[in-house]
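**Q** Got chain R sorted already, so can you dock chain G onto it with the hints?
Listed below are the residues making up each chain.
2 protein chains.
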Amino acid sequence: MGGDAGPSVVVSALVRSLQRHPAAKFILHGDEAALNDLIKKRKSKFGARVSVRHAPTRVAMDEKPSFALRRRRDSSMWRAIESVKTGEAEAVVSAGNTGALMAMSMYQLGLIEGISRPAIASVWPTQKSQVVVLDCGANVECDAEQLVDFAVMGEAFARAVLGLPKPRVGLLNVGSEEVKGHEAVKGAAQILREANLPMEFTGFIEGNHIGEGTVDVAVTDGFTGNVTLKAIEGTAKLISFYLKRALRRSLLSRLGAVLASGALMALRRKLDPRAYGGGLMLGLNGVVVKSHGGTDALGFAYAIDTAIDMAEGGINRSIAADRAGLRPEAVAS
Amino acid sequence: MGGDAGPSVVVSALVRSLQRHPAAKFILHGDEAALNDLIKKRKSKFGARVSVRHAPTRVAMDEKPSFALRRRRDSSMWRAIESVKTGEAEAVVSAGNTGALMAMSMYQLGLIEGISRPAIASVWPTQKSQVVVLDCGANVECDAEQLVDFAVMGEAFARAVLGLPKPRVGLLNVGSEEVKGHEAVKGAAQILREANLPMEFTGFIEGNHIGEGTVDVAVTDGFTGNVTLKAIEGTAKLISFYLKRALRRSLLSRLGAVLASGALMALRRKLDPRAYGGGLMLGLNGVVVKSHGGTDALGFAYAIDTAIDMAEGGINRSIAADRAGLRPEAVAS
Numbered sequence: 031m032g033g034d035a036g037p038s039v040v041v042s043a044l045v046r047s048l049q050r051h052p053a054a055k056f057i058l059h060g061d062e063a064a065l066n067d068l069i070k071k072r073k074s075k076f077g078a079r080v081s082v083r084h085a086p087t088r089v090a091m092d093e094k095p096s097f098a099l100r101r102r103r104d105s106s107m108w109r110a111i112e113s114v115k116t117g118e119a120e121a122v123v124s125a126g127n128t129g130a131l132m133a134m135s136m137y138q139l140g141l142i143e144g145i146s147r148p149a150i151a152s153v154w155p156t157q158k159s160q161v162v163v164l165d166c167g168a169n170v171e172c173d174a175e176q177l178v179d180f181a182v183m184g185e186a187f188a189r190a191v192l193g194l195p196k197p198r199v200g201l202l203n204v205g206s207e208e209v210k211g212h213e214a215v216k217g218a219a220q221i222l223r224e225a226n227l228p229m230e231f232t233g234f235i236e237g238n239h240i241g242e243g244t245v246d247v248a249v250t251d252g253f254t255g256n257v258t259l260k261a262i263e264g265t266a267k268l269i270s271f272y273l274k275r276a277l278r279r280s281l282l283s284r285l286g287a288v289l290a291s292g293a294l295m296a297l298r299r300k301l302d303p304r305a306y307g308g309g310l311m312l313g314l315n316g317v318v319v320k321s322h323g324g325t326d327a328l329g330f331a332y333a334i335d336t337a338i339d340m341a342e343g344g345i346n347r348s349i350a351a352d353r354a355g356l357r358p359e360a361v362a363s
Numbered sequence: 031m032g033g034d035a036g037p038s039v040v041v042s043a044l045v046r047s048l049q050r051h052p053a054a055k056f057i058l059h060g061d062e063a064a065l066n067d068l069i070k071k072r073k074s075k076f077g078a079r080v081s082v083r084h085a086p087t088r089v090a091m092d093e094k095p096s097f098a099l100r101r102r103r104d105s106s107m108w109r110a111i112e113s114v115k116t117g118e119a120e121a122v123v124s125a126g127n128t129g130a131l132m133a134m135s136m137y138q139l140g141l142i143e144g145i146s147r148p149a150i151a152s153v154w155p156t157q158k159s160q161v162v163v164l165d166c167g168a169n170v171e172c173d174a175e176q177l178v179d180f181a182v183m184g185e186a187f188a189r190a191v192l193g194l195p196k197p198r199v200g201l202l203n204v205g206s207e208e209v210k211g212h213e214a215v216k217g218a219a220q221i222l223r224e225a226n227l228p229m230e231f232t233g234f235i236e237g238n239h240i241g242e243g244t245v246d247v248a249v250t251d252g253f254t255g256n257v258t259l260k261a262i263e264g265t266a267k268l269i270s271f272y273l274k275r276a277l278r279r280s281l282l283s284r285l286g287a288v289l290a291s292g293a294l295m296a297l298r299r300k301l302d303p304r305a306y307g308g309g310l311m312l313g314l315n316g317v318v319v320k321s322h323g324g325t326d327a328l329g330f331a332y333a334i335d336t337a338i339d340m341a342e343g344g345i346n347r348s349i350a351a352d353r354a355g356l357r358p359e360a361v362a363s
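Heads up: the sequence lines are chains R and G, in that order. To convert, take the position in the first sequence, counting from 1, and add 30; that gives the working numbering. To convert, take the position in the second sequence, counting from 1, and add 30; that gives the working numbering.
Do not rely on the hints blindly, as some may be mistaken.
Note that the list lumps identical chains together, so a pair holds whenever it fits in one copy or between two copies.
[To be verified] When the alpha-carbon atoms are kept at most 20 Å apart in a straight line, the in silico EDC-like pairs for lysine to aspartate or glutamate are as follows:
(1) 55 / 342
(2) 94 / 207
(3) 274 / 242
(4) 210 / 93
(5) 267 / 326
(6) 267 / 242
To be clear, the hints were calculated from the coordinates, so they are not data collected in a lab.
This is chain R alone, in the form it adopts within the complex (with noise of 0.2 Å):
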C-alpha cells in the first residue's frame, strides 16, 4: 500500500515478475477491496498464484518509525514482514515509508547472530560492471565493528546475489595511505586486513573509485554513504540537464542528438536507479527489499527481482557463516 503512486504500481509489477519467475509465489497485503479491485482485470494471468491478505490500516510516507512501530501493527507493512518471520513468505518488498521499514523488519525478525546493526546497501554501475555501496543511511555514526559487519553483509550480497566467487571489498576513507583516515576506518582496516573472509580487502578506497569499479563492495558509515550516493545521483542528474541544453543549442546539435537517439537511450537505461534494485536491508533475519517510493513498475520489478536472488542465494545464511567465521580475538577488539 505504500510508495508515492499506491498498490496499482505494485499489481503491475507483478504482471512482469510472474514472467520472470515461474516458480514465485506473491502475496499482497492491505486494503482487500482496493487490491481485489486491482487484481480483477488480471484475475487469468495471477490465477492461484496471487493472494491477497487483508490489512485494515496503511504506514503513510511522513510517519516517524518509532510511531509507525507502536501504533500500526495492523497495517499492510507489519503483515508483511509478519509473514517472514513466520515463514509464509521468504522475502518482503515495498515502496513504503524506509524508517518504518527497517524499525519493524528490526523488530520483527530481528538480527543476524553476531551482527550489531543492519545497513541498507545499494548496487550502483560502474565502468567494469557494478558495485554494492553500503550503508547508505541506516547508521549515522558507525564504530570499526560495525564497518566490519558491513564488509561482511556486502561481501556476502556480492556472492549469492552478483555471483562474484571472491568480491573485492574496499574501505571509504580520504586518501589509501594506511595512515589516513578516523579511527573507526583504521580500526575496521585492520580487522579486515588480519580476516579471513572469502573476499579480498582491497584496503582503503577513494571516492572516485566507487564510478572506476576498483571494488565490488564499497563499505563506509551511513552519514557518508547516503550523502554520497545522493549526490551521485544528483550528478547524475546535473549532467543530463547540461546534456539536453547543449543539444537543444542548435539545430544541428538537434539532428545530431536525434541521430544518436538510440545511443542516448542506452545511456539512460544504464543509469537508470530502478533498475539496480532499490534499497537492500541486510543483518535481518529475513529478506527485506525498500524499492524506491517514487519508482514505478518498472522499478518495482527489479526490487522484487533482487527479493528473490537474495532468498535463492541464500544470502543470510553466508553473512551468519562469514561473522562467525572472523577470528575471534578479531570480532572481540
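**A** Here is chain G on its own, set in the frame of chain R:
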C-alpha cells in the same frame, strides 16, 4: 616546482594570467636556473612583472606533511608561503603536495582570529550556477563549532569571490528534518539558526542538493566532503565513459555525435574540473590556493584567477568580521 608536470605548467599559465590581470605581478619560487630557462623565451611578454626567487629544495609530492614542515624550510613551497607572511605577496598558488601546503601555511600564516581549524573549499557547477563545498578533506572529524566556522568561511567566500550579497548556506545531512543526523550537525544547525550572519541559512540539505543548486554553500565535515566530491568526479567520468561508448555503437550514432560535437564540447567545458579553481584553503591569515596536482596551464591559470579574486575581495577580513559577529554565547557553546 610542484605538481605532476613541474614548473613549465606554471610558467605557461602566467602567459594567460598576465593578460587577464594587467595589474598583477608574480614571484616564481624555485630552482633559479630551471625557472630562468623557462621564462627566457617569454622575456618580452613577462618584463618586470615576473621575478624569480631561488629556493634550493622542493617538497616532493609523496612527502609526509610533518616531514616537509620540519625539513623543507628552504623549499620553493616554504618560501612562497613566506612571501605572503612578509607581505611581499598577497596570495600563494601551488600545484604541490596538499598536506604540506596546508601544514606550512598553518605554521607560517596562522589562523584567522576565532577560527579553530582551516578548511579546503571547492567550487562546483550546479543546475543553476555554482556551489562552494567545504570542508573537502582538511579535517576528518569535525564538531559543531568547526562546522559553524566552515559556514562562516563559505559565506565569506561566496560574498567576496562569487559576488553574492546574501549566500544561501546549507548543512549536508542524511535528511532535511531537524531531528536527523549526528550531534555535530544538529549542534551546528542550532547555532547557525540563531546567528546573525550575512547569509540565509537554509537548514539541512541532502547530497542531491549539491548538483541541484539549492544552496550557494554546502557545509560538511572533511571526511564526508572529500568522499562526496571525489564520488562526484568519479560519476562525471563514469557518465562520460558511457556516453562515449554509446555514441560509438553504430554508424548513425557516430554521425549524430559529429553533428552534436559543438554541444558535447560545451558539456565537457561545463564539467571541466580545471575551470573551478582547485582547492581553496580558507581560515588562514593569507590567501592560499591549491591547484590540482595533475593540472595543465589552463587549470593553473584558473587557480591564479581565484587567488586574485580572493585577495581583491578581502575574503579574510570578511571571515574575521563574521566570526567575531557571531553571538558570544553561541561561540562559547
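**Q** Hint by hint, say whether it matches the structure.
**A** Evaluated hints:
Proximity of residue 55 to residue 342 under the C-alpha cut-off of 20 Å is restricted to the intra-copy arrangement: shortest distance 14 Å within a copy versus 69 Å between copies. Proximity of residue 94 to residue 207 under the C-alpha cut-off of 20 Å is restricted to the inter-copy arrangement: shortest distance 11 Å between copies versus 41 Å within a copy. In the homo-oligomer, the alpha carbons of residue 274 and residue 242 lie at most 20 Å apart only across protomers (15 Å), although the nearest pairing inside one protomer, at 24 Å, exceeds that limit. In the homo-oligomer, the alpha carbons of residue 210 and residue 93 lie at most 20 Å apart only across protomers (14 Å), although the nearest pairing inside one protomer, at 40 Å, exceeds that limit.
For a Cα distance limit of 20 Å, the shortest separation of residue 267 from residue 326 inside one copy, 18 Å, qualifies, whereas the shortest one across copies, 28 Å, does not. Within a single copy, residue 267 and residue 242 get their C-alpha atoms as close as 19 Å, and across copies as close as 8 Å, so both meet the 20 Å cut-off.
Checked against the numbered hints given earlier, the structure satisfies every one of them.
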